[in-house]
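For the sequence shown, my numbering gives the first residue as 8, with consecutive numbering after it.
Careful: at least some of the hints might be erroneous.
[Unchecked claim] Simulated restraints, written as ranges between beta carbons of each label pair: (1) I31 <-> Y63: 39 to 45 Å; (2) D87 <-> A13: 37 to 43 Å; (3) K21 <-> G62: 22 to 28 Å; (4) Y64 <-> N12: 55 to 61 Å; (5) L14 <-> T67: 43 to 49 Å.
[Claimed, not checked] Pairs of lysine-lysine residues, derived as DSBU-like cross-links and limited to a Cα-Cα distance of at most 35 Å, are as follows: (6) K21 <-> K59; (7) K52 <-> K21; (8) K21 <-> K99; (9) K28 <-> K59; (10) K96 <-> K52; (11) K53 <-> K21; (12) K28 <-> K53; (13) K59 <-> K96; (14) K37 <-> K53; (15) K28 <-> K99; (16) K99 <-> K37; (17) K96 <-> K53; (18) K21 <-> K96; (19) K96 <-> K37; (20) K37 <-> K52.
The hints are simulated quantities; they were obtained by calculation from the structure and are not laboratory data.
We put the CB at the ideal spot given by N, CA and C, even for glycine.
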Amino acid sequence: MPTGNALAFYTQRKNMADQMKPRIVILRRKEVEARTGLSRSTIYKKMRQDHKHPGYYDPTFPLPVSLGANAIGWVESEIDAWLEAQIAKSRKAA
């Protein structure tokens, strides 16, 4: 392990590296609903291929991450990217 000035330099470099690492934020369903304006059922329909209702499925909608036996969440950056794509798509159509 470094000592003295070398330790200070090592610590500073490690702190800089930690700050540069992207922070992963997980959103729970209610947060995704609030962020997207979609209802609970629409969120799940967008993730499910349903041959009875093919218009709801959206292969670009982010899939959830398992957080445990009974908990899921969505990666915030993926939800944000999906929203940006929806905005861009609507601007091109207009």
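task: Could you tell me which of the numbered hints above are not met by this structure, giving the numbers in increasing order?
output: Of the numbered hints, 1, 3, 6, 7, 8, 9, 11 and 18 do not hold.
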